[in-house]
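Peer 1: Chains as they are written, first to last, in this note's numbering: chain A, 1 to 314; chain B, 1 to 513; chain C, 1 to 269.
Quick caveat, the hints were computed from the structure, so don't treat them as lab data.
Ideal Cβ positions, reconstructed from N, Cα and C, are used throughout, including at glycine.
Please note that the accuracy of each hint is not assured.
Unchecked claim - With the C-beta cut set under 8 Å, the calculated list includes, among others, these residues of chain B facing chain A:
hint : residue
1    : R34
2    : S35
3    : R42
4    : Q114
5    : R119
6    : R195
7    : G196
8    : E197
9    : A237
10   : A245
11   : I248
12   : T398
13   : S416
14   : M427
Unchecked claim - Pairs of lysine-lysine residues, derived as DSBU-like cross-links and limited to a Cα-Cα distance of at most 35 Å, are as follows:
hint : chain 1 : residue 1 : chain 2 : residue 2
15   : B       : K105      : B       : K61
16   : B       : K86       : B       : K105
17   : C       : K130      : B       : K438
18   : B       : K361      : C       : K130
19   : B       : K61       : B       : K81
20   : C       : K130      : B       : K310
21   : B       : K388      : C       : K130
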Amino acid sequence: MFGYALRRTLSAIPTLVLVAISVFVLLRVVPGDPALLILGDAASAESLASLRRSMGLDLPLWQQFSHWIARVLVGDFGTAITNGQPVLPLIIDRFSVTAVIVLLSVLLASLVAVPLGMVAAWRQNSATDLAVIAGSTLLLSVPSFWLGLMLLMLFGVWLQWLPVVGYVGFGENAAIALTFIIMPVVTLTLIEIGQLTRMARAATIDVLRLDYVAHARAKGLSEGVVLFRHVLPNAFAPTLSLIGVILGNLLGGIAVIETVFTLPGLGRLLVDAIFQRDYPVVQGCMLFIAAIYIVVNLLIDLAYPWFDPRVAVE
Amino acid sequence: MMIRSLAIALALGLAAPAVAQDSVVRVRLNSDIRSTDPGVNRDGNTDAVMMHLVEGLVQFKEDTSVGPMLAASIEVSDEGKTYTFKLRDGVRFTNGQPLTSADVKFAWDRYLRQDTNWRCRSEFTGGVVRIDAIDTPSADTVVFRLDRPSALFLTSMARADCGAAGIWHRDSLNADGTWRAPVATGPFTIGEWRRGEFLDLVKNPTYSALPGPRDGHVGNKTALVDRVRWQIIPDAAAAKAALLAGSIDLNPDAAASDIAEYRARRELRLLATPTMGVVGLLLQSADPLLADVRVRRALALSLDMPELVKALTDGTSVYNPSPIPVGSSYYTAVQRQGYTRNLVEARRLLQEAGYRGQSLKLLTNRRFQSMYDMAVLVQAMAADAGLKIDFEVMEWATQLDRYSRGEHTMMAFAFSARLDPALSFEMFAGPRATQPRKVWSDPAVDTAIREAMATSDRPRRQAIFDDLHKRMIEAVPMIPLYNDTDITVYRERVQGFAGWAIGQPRLWGVSLR
Amino acid sequence: MVFNANMMIGGGLVGTISGVAALATVWTPFSPTRVSLSSRFQAPSSLHWLGTDEFGRDVLSRLMVGAETSIGVALTTTVVALVLGMAIGLTAGYLRGWVDRVLMSLNDTLLAFPGILFAMGLLAVIGPSKWGIVLALGLAYAPTVARVVRGSVLSLREREFIEASRALGNGAFYTLIRHIVPNTVSPMIVLATSLFGLVILSESALSFLGLGVPPPAPTWGNMLASARPHLERAPWLAIAPGTMIALCLLGANLLGDGLRDLLDPRSTR
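So that you can see chain A by itself, here it is in the shape it has in the complex (with noise of 0.2 Å):
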């Protein structure tokens, strides 16, 4: 087990070198000039230049991303072109903001979502399973930003039962933190309940015409027990994949939910880095995510075989 989690770890250096080389490459095609953004349409050739070369930008290609890669590798990655801060340091800040909106969204979503999917597939093709179904589609069909901005709306602005704008760290006071972050919980919970229990449902229909749910249910096994004790585990696998991606998904940011409730998190840092091409920031970002990716799917990867006994690991 440890000498397997060892060498997936290992054998996520290639992928990180790849996710390096190709947002450098990427960011280069992308037009745009951090330079020109900052001195605008008044912008001089001379000025625009002694700014370009202030911004190392005018190193051949290579010895730019040599430049970054060697501080990278001591753990520099550079400062904000944007406002001059640490990129490392504001990703983690950042990040810390998104994670605890999207594990607590992740969690109650698979906390609804996974039992509804399977009473849904339990009484496949009946009036619950249309309306689980009828219920999820449109879930997943609501634009966050509408969603967001109706809760935004009707708790903030109506009721007033929640603040609007602001955030407030859970190390410096958990009680009003939770108060800023019910409503980005509430809209990403209500998105990716759609998401899921769709996939739970459909798992749990391939589970529920396997032989030996028949036997069980020849045994004379109650439904329930048939369903907690041999259902649920075998059809938690493939969901338990869509979480993984889910959640490596999420915690990459999720920018238009930060926006709309003004949260300082790590999807709309990227995005406005990626507007004002901000290349530390941009390239330190998707270094970081991408390690996201890779920890959430090696504990995916072996959370697995505690689900679906079958799968050995190695």
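Keeping the supplied structure of chain A fixed, place chains B and C upon it in accordance with the hints.
Peer 2: Just chains B and C, lined up with the frame of chain A:
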């Protein structure tokens, strides 16, 4: 436990606005400022905030003319090549040190060093003038010696995007000469700054104010609140919700489309102020099709300008055919003469030019709603004259890149404010060979602009600008449409807020009821 | 062959929407791109059944024309993502070992890219177009498919019937196609219907950045994106395309479930 802490939090959340110990006015900022280094790493928001912290020798007055700020008087001699600034008495930096001519020279020397990357350095190293020397004959006298006279020297100094060439104490720098934080003379000092969340400005208790009323970036700038909190809210809809919920007091950047709704609310006040930014269409006469002036003119004649502008600005701005802003003192009846829609004439010109339905490409973006809307409407209106326009929507940084390379056929664009009519023409006219972003390359025009930059003779300048306007209407290198209107919405407890043509919100002289 | 009620509802929805899209190619109540400044933001009325937008264009007409583009883009993108993702996932999951590691490493690289940066880069190179979006989104979603497929395969290859197939001396490719692929159909159909919806919404996000299907051609996605500043003044601008997206997804899901029942080798119904 969970429920209890939630209840407490709810109670606190509700109570928060009411328990204000010191008076705080909370203002929306649509993105965080980039640095506190004036005129260096900056954008519009940075400039607006910096104007509360630092002051220059001269700055803009309400009417966009230049007035003394840290200078008590300015004397021009040697045929406009020597400027002598007498500094005001009793001005102190926030660290208690008095302002001296040595401080002015120290700050200016840093501005003029290439490695500072001051945005406006090139203006003072040959662009507008070349500063040959800065002398300090006495502690309260600074002398700038220039290579040539220029009508734009003081104007360039006062520009907010140049940080008003603000004078700060050397304590603002780290030991290695890099920027730390402003120690300056403004009405506020910098407080807590949580990047991406908020920035607090704290009242400067030892501020030495000019007498009289508030006047642009000069005049009496005494802070009447203890603190200004710039709350960073990028999303327009979230900002609206924040204002309605009372989480912020003032939004200087409200959407024109929400005007009616704001007007209907008793607790809100609305202020529409025309600014000096110019929104319009750039035409690239290097394009094979647009090289023919008849095609360019046909496009201009196909547009119903007043209707177009009304739709783009929700009726908050009017059609302005000139690159010179409506608020300028050089704005006369001549500048009001633009194009009137004439589809028959447009069709005739197109036919004469041998136009056979080729399509023109119009660049635009979705960052700025008005530029996107402009593209849609221009396309529809031009189609009425048989002119086919396709549009290409790009992300803003990409469009800006294409703008600076001059790689476009047509572009919906917004120019930042130019505070002198000569600069209003210079922003789009110039030799394309050396400045690819320019769309009007005509040596005669360049000569006229240069003359207007050098002379201070007002009637002569007016004559030049009038002539340039007529030439521009003839040549159609750009179709100016309107000057943006800033919509500020604030809660009624905010007292004494006023907008102005420069567009940057000023929180001095503002109090809370 | 047995059809169930849910599938009938799904088929009906999908059929109706496709019919509307087909009708739009020959007839719409108004021109979908005709601007009329005198009739901006009109609420639904007997003339404009679904109202008009910020340029006075008829929302119903745009919705009809948008159906074709949106469904077309979503469908092709889903197919691209599925084909690519299945190829990667099946190979990696079945062969395991170093192939798995190399493929998953590439896969993770792609997954780790935020879709928006990826799309911006790709669209900057090939220019914003319908097919550019299909390619960008297809590539962006393929790794998700690959992960899920690989997960199923890892679990499947340990089952008795696969071992039996191998014991019978069947080749890896034969076993893969004959026994494993049919068993991944069901999660794939579910994923495909999810993707279909995600693509429609992603196109909306891309148009919001100016990277969507080039306007003025309407898509449900860009209609939704344009509606955002007017949520309160003209809610119908968001509700109309939003409802269409929801109905379309519901239809696709119900139909997908039904199809799965028909295709599933173990289905006894």
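Peer 1: Hint by hint, note whether the structure agrees.
Peer 2: Here's how the hints hold up against the structure:
| no. | hint | in the structure |
| --- | --- | --- |
| 1 | R34 | holds (5 Å) |
| 2 | S35 | holds (6 Å) |
| 3 | R42 | holds (7 Å) |
| 4 | Q114 | holds (6 Å) |
| 5 | R119 | holds (6 Å) |
| 6 | R195 | holds (6 Å) |
| 7 | G196 | holds (4 Å) |
| 8 | E197 | holds (5 Å) |
| 9 | A237 | holds (5 Å) |
| 10 | A245 | holds (4 Å) |
| 11 | I248 | holds (7 Å) |
| 12 | T398 | holds (5 Å) |
| 13 | S416 | holds (6 Å) |
| 14 | M427 | holds (7 Å) |
| 15 | B:K105 / B:K61 | holds (24 Å) |
| 16 | B:K86 / B:K105 | holds (13 Å) |
| 17 | C:K130 / B:K438 | holds (32 Å) |
| 18 | B:K361 / C:K130 | holds (17 Å) |
| 19 | B:K61 / B:K81 | holds (23 Å) |
| 20 | C:K130 / B:K310 | holds (33 Å) |
| 21 | B:K388 / C:K130 | holds (21 Å) |
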